[in-house]
Each structure stands twice: as structure tokens, then as C-alpha cells.
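Student: Chains as they are written, first to last, in my numbering: chain A, 57 to 541; chain W, 57 to 541.
It cannot be assumed that every hint is accurate.
Same chains, same label: a pair holds when it works inside one copy or across any pair of copies.
Claimed, not checked - Restricting the straight-line Cα-Cα distance to at most 20 Å, the calculated cross-link-like pairs of lysine to aspartate or glutamate (EDC-like) are:
| hint | residue 1 | residue 2 |
| --- | --- | --- |
| 1 | 424 | 393 |
| 2 | 263 | 437 |
| 3 | 143 | 194 |
| 4 | 148 | 130 |
| 5 | 419 | 393 |
| 6 | 473 | 416 |
| 7 | 239 | 463 |
| 8 | 424 | 463 |
Please keep in mind that the hints were generated in silico from the structure rather than gathered at the bench. Since the model is a prediction, treat every value here as computed from it, not as a measurement.
There are 2 protein chains.
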Amino acid sequence: MRRYTRYMPNEIKRIKEEVIKKEKPSKEDYELANSIFQMIKRNLERELRRCGVKAEVIMVGSIAKDTWLKSDKDLDIFVCFSPEVGKEFIKKRGVDIIRRSAPKPYEEHYAEHPYVRAKVKGFEVDIVPCFKVRSPREIISAVDRTPFHTEYILKNMKDYQKDEVRVLKRFLKGIGAYGAEIKIEGFSGYLVELLILEYGTFDNCLKNVSEWRPWKTVIDIEGYYSDPQRALKKFNSPLIVIDPVDPERNAAAAVSLGKMAEFIAASRLFLRRPSLKFFYPPDIRPITSEELKAKLRRRGTDILVIKFKPPQLPPDILWGQLKRSIKGIVKFLGVWDFSVLDYATWSNEKDKAMFMLELERAKLPHMKKHIGPPVTNIVHEERFLNKYLKAIMSGRQAVMAGPRIEDGRWVVYIKRKYDSVKELLKERIQEAGLSKDIALALSKNMEVLVNEEVCKLLSDLELNKALAEFLLKRPRWLMALSDGE
Amino acid sequence: MRRYTRYMPNEIKRIKEEVIKKEKPSKEDYELANSIFQMIKRNLERELRRCGVKAEVIMVGSIAKDTWLKSDKDLDIFVCFSPEVGKEFIKKRGVDIIRRSAPKPYEEHYAEHPYVRAKVKGFEVDIVPCFKVRSPREIISAVDRTPFHTEYILKNMKDYQKDEVRVLKRFLKGIGAYGAEIKIEGFSGYLVELLILEYGTFDNCLKNVSEWRPWKTVIDIEGYYSDPQRALKKFNSPLIVIDPVDPERNAAAAVSLGKMAEFIAASRLFLRRPSLKFFYPPDIRPITSEELKAKLRRRGTDILVIKFKPPQLPPDILWGQLKRSIKGIVKFLGVWDFSVLDYATWSNEKDKAMFMLELERAKLPHMKKHIGPPVTNIVHEERFLNKYLKAIMSGRQAVMAGPRIEDGRWVVYIKRKYDSVKELLKERIQEAGLSKDIALALSKNMEVLVNEEVCKLLSDLELNKALAEFLLKRPRWLMALSDGE
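In isolation and in its complexed conformation, chain A is listed as follows (with noise of 0.2 Å):
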């Protein structure tokens, strides 16, 4: 590839060498997992024998494909019921005989059905029940597809693709773009594997994404579609990957505009400097209350801070309502004339969120510029004149200055409502297009802190490096780079 003209394969080579090393699960992991998969098997069909019921249980996910990682131990474990007993049926005694068969103690997680999690000798076993159904085509619950992903990938994987599908899903993690959650919204462990499909290597996977452009790329491995342009209509989505097993399926849908420009970016950073960083990141460095100070006085801006106790809920009904809510205060700043240079959210799922803003400056001039009618709008230009002109004979301090005219328009300069943001916030944050169980949340708790208030958080150490990350402003593999190595 012409353009990279510092394309440096053995440098890469050795890269790629030493995240395989550090990530390929070893001969102990392979028969630990095997040993807990078959323990687990056992006890469910036991359970399943005396209840009556066929099912099959099947070992799907990274593992049976065998692209995980080391770090990764997440043994997925699906029992697949008959179509013909019904949904009921299986979010009921299903799941039922899933509880009664799992090692304990286990976690109940509700996707479209219940299914429970357990954590047995460092691995995260996820038992779920699903329909076994001929086609893909004929699936009842979005879990029955899984079975097929796994076979498809075991039918067309190459042995040496599955490490190279090891060192990219590290890549991504690295950069923050693995994991199809709404937290993420990025590269799912199957849509990792498709692009090694697609794309053969590691190598030529990232030279390839780092010409790809957002809403312009479609990858359809089985050749579904003719014509791409009618892939990019169907499914309008900054990146297009059409499911092999379901040619009615995206699965890049989950992945944003923001997480697909830099996978983008750090593909053709890697390429030009390659460097075992992107791959595992520094970690944030805590921030002090001298340093923060410090820097609020060098960059003259304004943070906020709004920390609540989140609501109770799956990561990512949580994560939505989170994302969705932080957009909708932004957006109520900009009204009031607030303008937020940067905004971001954080939480660790369970008893402690933020939304984190930097703003141009958290208090306004009282004073306000006004635009009111054209004088040639008699109707309009009377009810004005009649509101400001009272204003101002009964002494009321509204009107700051004017009414004149300018460029035809009536004009008027009038005392702003809120002009500190904390105030807006603290008296009016319930308009601010919340989500519904945020606006709950904050309603029942929470503090608005404002540049040195914010100093009192930085002893929470999870908290400190979320402040501290969102003041770099910076992805960290790109920190990797310009700290020089």
C-alpha cells in the first residue's frame, strides 16, 4: 500500500508476537474451561432428564470458537430447547432449570429472556436458555442466532486466523472500541472475527479500515447484495457488515459514527507508528486538587460536575438513559446560552454517576441582547413596544438598556433569568429532556459542583481518574504516542 510509507511489518510482526503471547488462553485455561463447561453440561442434563424436558446443551461464543482471550474468560453456555414448547415456557421452567443446575452463587440477567451468570475459578459462565430452530431465518429470541454464528465461524475460521482475530480484538479494547454495549457502542467479538474473514490479517484488516469511510462502507462476506448501494440504503449505519448467517442483519449496527473514526484514526496511527501502546494503554494518572486548580486557572474555562446515585439498572437500559440525558442538558444549556465545550459520562454501574461538562463560562453577563419584531410587524411590534416600554416606566429592572431599533428589528437588552449555571441547573434540570429514570435519580439526589467544588471528588479514586481522563481530553493509545516511547 503506497501510502504508508512507513508500513513496517516486522515491527508489526513482533507486535502482533507479543500480544499473542500475553493473550493466548494456554493448554491449562483450554482444559479448565472444558473441565467447567462439561461439569456444568452435566448437571443440566441431569436436571433436564428429571424434569422431562429435551434440550441440548451447547458451549457457543469465543471460546468453542477459540478467539479468546487470556483476559477474556467469558464461557457461554447455551441450552437449547424445542421451538414447540414456546416462549412462556422457557422464560418460566427454562430458566427454572437453569437455576436449579447452576453452580452457585449465581446472578439473574434479563436480556429478552432471564438468563443466569456465574462466576466459577475466574471464569464469567453465562447459561442461557434458546430456541434450537433449523435457519437462522426461522430464530424466535435474538440468542437463537448465536449457535449459527459459532458454527459459521467454526465452518470458515482458518487455525491461524483465530490468533489474528486475538491480536485485533486486543487492538480495539486498547482503543476503547471493544464490546458491542451501549456503553461502547462498538466492535462486538463476532463482528472482530468477520473482519478477519473479510479481511485475512490482522496487517491488512487495519490497512483496509484505515480508508474506510463512515456511512459509504459495506463488508458483505457471502456476497448477499449486488449492489452495495442498496445494503447502504436498507440499513443506513456508519458501517455496514452484513451477517453471514442473516443477510436481513447488520452486525456492525451497535458501532457509532464516533467509535468507527477511531477505529479509523488509530488504524492509520498504528500503521505509521506502530506500538504495543495501542494495544495496552497506560493508565490514567490520578489528578490532584492543586493540579486540577492549576489547570482551571491556565485554561480560563468553566467544569462542571453533576454527581447523583444512578438508578438501578442493566448496564445498558442505564447507559442509554445516561447518554440520552447528558444530550439533553447540553442542549438546555445552549438555550439558556450556556455553551459546553466538551461534556462526557461516567458511572461504575452500581451506586455512583456523573455527567461532566467544560463549559466557556459558568456565569453569563446579567445583560442580554433581545431580538424583537421587524417594525414593519404593526401587530408584533405593538405588543413589544407595550411589554418593554411598561417594563421600563415602572421602574422594573428587566430592561437593562434600549428598546431601539437595528437592522429594521426592534431590539432590547433585558436582564438574564439565570445567570450562573448552577442555578439553572439546580432549580430547572427536571426541563432539561432527561430520561425518565434519570430525572428521577436526580430529583432524589444530587450535587451540582462547579471548577474548585469539583476537588472534594478527587479522593474517589475511580472518580478522580474519570475528572482526570475527561480533562486530557485525549485517547489514551494516543497519549501512548505522544509521550514518546
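Using the hints provided, position chain W relative to the given structure of chain A.
Tutor: For chain W alone, coordinates are given in the frame of chain A:
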């Protein structure tokens, strides 16, 4: 007129009578004007005879037309030469003859030709050389048209209308819209006469004006244009009044949109609430330092005054340059992110001038968000990252946060070059699109005053009033209304 439910003809009649009482020149005024004219005419004719030059000495303008105000004692005397003598003759010998016969002391002024201005017994006497042409189509210099204007009004205006002209002139003077000079950009005396010819009376004129629409109004007394659309296209002015003596000329070409709009609004308000204060608005009350400081505190905005000695130029040239230059400054400040809430220019046309600006803030945050190229633009991305990553690595403070990707574009937070408007102007006002002579004047002497520093100007009554008016931002006729009567 249905719309003016409060139209009070008797009230208006009373006010008009009062204005006429004040403004109609007395018998003695007329006799004095005439005797001055006769005296100057005699001297001019004697000198013309002595030089053997043929020319006619006539009185033109508002005194000749009997539409003058007692408070506006302008006596216009034209010396009409034969076109055959040529322009050069007029500029030299013609003006020489005038000089020799003019009352001493006199000043010389320059329009298209030089002319002479003298003060005689309270009258400002202009003695202007022109060509006596047979029709307005043959005019050689612009002043040659004036005798035809005088003739047209004398022939077409009914006697009672002359007082209507006086009332309308005084009304326009009161609202600050009387005069075609660049400083005012308003209505000339001749234009006022044409409006009275068109609408008959002052009252009817105001009723019509209050429904004028800028860019859509054509007045064509002689009916030269069968289709007003053609006139609108030809002249492309907010207001078009076809000159009855020259269909190719818009007698309202000098009227700005702003002054037209103020006339419209004032007309409507006067009809609703007639008051002598439209004609004689109260004087501006000077402001004290304490009041200025209190105002600044209340508003939370920042006041900026650029004080300088204006270049010695004829008023129209000076005001043209002042207006162009302040617009240049406002635009320049916008480019540097300083947002201007209001601006104005003041000068005594001699030794003092000011640009006055009210800013949202005179100091900006040091940190500024800078939007870079999209990640898909390979060339620009490389240039962008090279520049900013290098800055970070070299430890320079230019990059305060970022770079990062937002909505698919690179973004970086950098240090502003100028966060203080005062410094910016002191160092770089010459880049602000100033007109030539103003640029020179500012390079020689300029004071930039911010907020409380402005107080030191308040001891100068002229500057004080200009500042007080700028802060109030309310036309004086509207102040009259809002102060109660």
C-alpha cells in the same frame, strides 16, 4: 385609518400649531434673509461685471422655497454660469469671483466644485458656483439640479403645505433622521417637501409612513414609472422616491434602512401617543462615574472605548470612514471570538472621535476548541496530528487538551493567541479592515479604554453625553414616551 384606534386629530393639531409657532420664521427673519441675499447678490454682480463674466445670481433652497425652519438658517446662493465656460473656468475664475465678493470671514468647502461658506447675522450662507442648464437632463455637476428642485417646489407646493413641511422637518429632526449627510443617512429637506407633495399633510404622511415597507416602497409623484417593480429593480434602495425633475434619480437614495425603520416606528407611535417630545426630545442627561460603574456591575458586560483624534476630512468623508472602520472592527473582533452586543461611533468632526463597543466579555477563556479535519481526510489528518502531537511532545503549552475525535472529526483544545480584547486591539487593530485615514489616525494616537477606565472621559461633556446615549440604547423620542409625559 381603522388601525389607529387612538388617532387623535385634535391633539395632533394642537401639537402642530405649537411646532409651527416655534419654527415659522418671523417677518423680521424674512426681511433679514432677503437683505443678506440682496447685499451678497449686489457684491457678486459687481465683481462679475468687473471681470466681464456673465452669470445669474439666484437664491435656492429652503429659504427660497419658504419651507425653512427658524432654527435652520441656511441661505443658499447659487451663481449660475453658462455651460460654455467649462468646468475648469468655474473651479478657478468662478470661485475666485465668489471669493472676492463673499462676506468675510468665510470658509472654503469642497463638494464637486469648491464653494464658499460664510456666517452673516446668524445665517449660514453658502455661495455655490453652478451651470445654468436648460433642463435637469443636461446638468454638468450635481448642484446644477438644485435650481430645478427649487423651481419645482415653488410651482407645485400649495401655501398651506409649507408649514406641513416645517412640521415634518422638525419631526424628523427630533427623531434624528433629518439630513442626507453620511452621518445621518436620513431625509433631505427636498425629500421632506416631496413627501408632503405626495401625502398632502403631515398627518397623512405619518399615517402612510407607518405602513411603509422597506425595499417595497416607491413614491413617484410625476408617475414616470408605470410599473413600480421597474423602479424597485432600477434603484434597489430601502426607500425610493423618484425625483420629479429627474426620473433617473432616487431622491431618497441617502436614506438607510435603519433611518427608514425609525421613521416608520416613530410615525406609528406618534399617531398612537402624540407628543411634542417627538419634535423636541429631552436632552441627554450626563452620567456620573458612579452611575457608569453601577451600570457595568448590573449588566455584567464590558464596555470598550477607542478614543482618537479623527483625520481632518470633510464630514461626509469622515463619517463614511468612521462607519466603515467600526464595522471592520466589529467583524475583526468576531473573528477573534469577542462577541459585540452593540457599537456606535461618535465624533465632533474636529479633534475628538470615539468608537464605542459593548462586549459580552472583554476577556475570553484561554482555552479554545479548535475543530480539525475529518478522520477520513488522510492528508489533512496527517498535517493536523503532526502539528499538535509535536506541540504536545515538545511540552509547549499551545495544546491544553486533546486531540481527540468528535463526530468523526479531530478536535483539539488550544491556547488562544489573545484572550484580552484590549491587547488584541492595541497590537493588531491595523488588521481590522479600517479605512485608510482612520488607520493612519489610530496608528498615531489611540487610547483603548475598558470598563472603569472609561470614567476618565466623563469630565468632557460631549464625550459624556455620547457615552450616556450609547449606554442607554434608546432613541430619545422613545425615552420621552417611556419617561411619562
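Student: Are the hints correct? Go through all of them and say.
Tutor: Taking the hints in turn, this is what the structure says about them:
| no. | hint | in the structure |
| --- | --- | --- |
| 1 | 424 x 393 | both (9 Å within a copy, 17 Å between copies) |
| 2 | 263 x 437 | between (62 Å within a copy, 16 Å between copies) |
| 3 | 143 x 194 | within (14 Å within a copy, 99 Å between copies) |
| 4 | 148 x 130 | neither (25 Å within a copy, 103 Å between copies) |
| 5 | 419 x 393 | both (10 Å within a copy, 17 Å between copies) |
| 6 | 473 x 416 | both (19 Å within a copy, 16 Å between copies) |
| 7 | 239 x 463 | between (48 Å within a copy, 16 Å between copies) |
| 8 | 424 x 463 | within (18 Å within a copy, 31 Å between copies) |
In this structure, the one hint that does not hold is number 4.
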